[in-house]
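Given next are the chains, with one letter for each unit.
There are 2 protein chains.
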Amino acid sequence: MKQLTAGEGMRLISPLPYAVVTCLDPDGRPNAIGVSWLTITSIEPFMFLISIAPQRYSHEGIEKNGEFVINFPSQDQAQSAWICGVTSGRSGDKIQRANLKLIPSLKLRTPCMAEATAVFECKVVNAITTGDHTVFVGEVVAVRGNEHQPSHLYYLPPEELMSCDYQGHVELQLLKD
Amino acid sequence: MKQLTAGEGMRLISPLPYAVVTCLDPDGRPNAIGVSWLTITSIEPFMFLISIAPQRYSHEGIEKNGEFVINFPSQDQAQSAWICGVTSGRSGDKIQRANLKLIPSLKLRTPCMAEATAVFECKVVNAITTGDHTVFVGEVVAVRGNEHQPSHLYYLPPEELMSCDYQGHVELQLLKD
Chain A
733 MKQLTAGEGM RLISPLPYAV VTCLDPDGRP NAIGVSWLTI TSIEPFMFLI SIAPQRYSHE
793 GIEKNGEFVI NFPSQDQAQS AWICGVTSGR SGDKIQRANL KLIPSLKLRT PCMAEATAVF
853 ECKVVNAITT GDHTVFVGEV VAVRGNEHQP SHLYYLPPEE LMSCDYQGHV ELQLLKD
Chain B
733 MKQLTAGEGM RLISPLPYAV VTCLDPDGRP NAIGVSWLTI TSIEPFMFLI SIAPQRYSHE
793 GIEKNGEFVI NFPSQDQAQS AWICGVTSGR SGDKIQRANL KLIPSLKLRT PCMAEATAVF
853 ECKVVNAITT GDHTVFVGEV VAVRGNEHQP SHLYYLPPEE LMSCDYQGHV ELQLLKD
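As given, the protein sequences belong to chains A and B, one line each in that order.
To convert a position in the first sequence, counted from 1, into my numbering, add 732.
To convert a position in the second sequence, counted from 1, into my numbering, add 732.
Hints are supplied without guarantee of correctness; some may be wrong.
No copy labels: a pair is met if it fits in one copy or bridges any two.
For lysine-lysine, the following BS3-like pairs were computed, each having C-alpha atoms within a straight-line distance of at most 30 Å [to be verified]: (1) 796 with 839; (2) 734 with 833; (3) 833 with 796.
It is worth saying that the hints were derived from the structure and are not from the lab.
Chain A on its own, in the form it takes in the complex (with noise of 0.2 Å):
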């Protein structure tokens, strides 16, 4: 086995299931963001942990509202979600340029997206520091889903993005577009 770089290891275990992670923002607007770094983390109670970027405009939200959705975005929905993964909401309706159509949740106020694959209601139970990103424990309070339309959406870094501040670099595409 060769040595690799964090970044070249990333890009061989990828891709990783790709997530739009609703939430309000501090003035209790609904935002969205991009996740690829999730995983369950307990069958009962039933527990999500998601891992964001202190910088994020969603962490502000979610550490104030203490609640999000993770939504398994259904492959038609691949272009809304990843504007979402790309985007700042901090500077624009996030929601109205990816074209997110959001409905009510269950059991949160933070939205949820319509016509998802699966979608997981989380009230924030823990927040931890990991490094450069926090650990928002979520435990599920409300499972809904469309069995139709089970082809959920997989994250692959593109080659140029290897490098370890490839998240940077997703930014600078962003402005391209």
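Chain A is fixed; fit chain B onto it per the hints.
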């Protein structure tokens, strides 16, 4: 959208990446466990986290030794990888039973899988309880891989394992083998 059970939701978002986590048992012998609840959680420093149930034998070993390796097996290692996921190292040598070929790691005492797609050597820097699991946060101290072998495994839980206690059912499958 339809309301779903936790198990139905989990199935809709599968397959998930599947890795074999190698560790040392409390006596310092190599052990391994199949894990699909894991994610990258920091770029700088580079970190992963894994979610392990406290009753797992590997949990004891990781807790005691403070280190683990996340191995992403290649397609042709599927059989060995699967055996690691459905058997316990408590009652015998799982490495031998799974015919897992291990080689020394670069920075840890825990060995890693030979010929895996990618391996991430991790030192435990934090551990938190999330519901019925423990999240072990690991700082990556070495990354190696085989670029000619990029097809790693994804885990799709069988239909009959859709209920919340599917981990128990997996153990039952073992008894039939």
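Homo-oligomer pair classification [residue 796, residue 833; C-alpha up to 30 Å]: within (24 Å within a copy, 48 Å between copies)
For residue 796 and residue 839, with the copy left unspecified, which applies at a CA distance of at most 30 Å: within, between, both, or neither? within (17 Å within a copy, 40 Å between copies)
30 Å Cα cut-off: does residue 734 pair with residue 833 within a copy, between copies, both or neither? between (45 Å within a copy, 17 Å between copies)
Every hint, counting from the list given before, is met by this structure.
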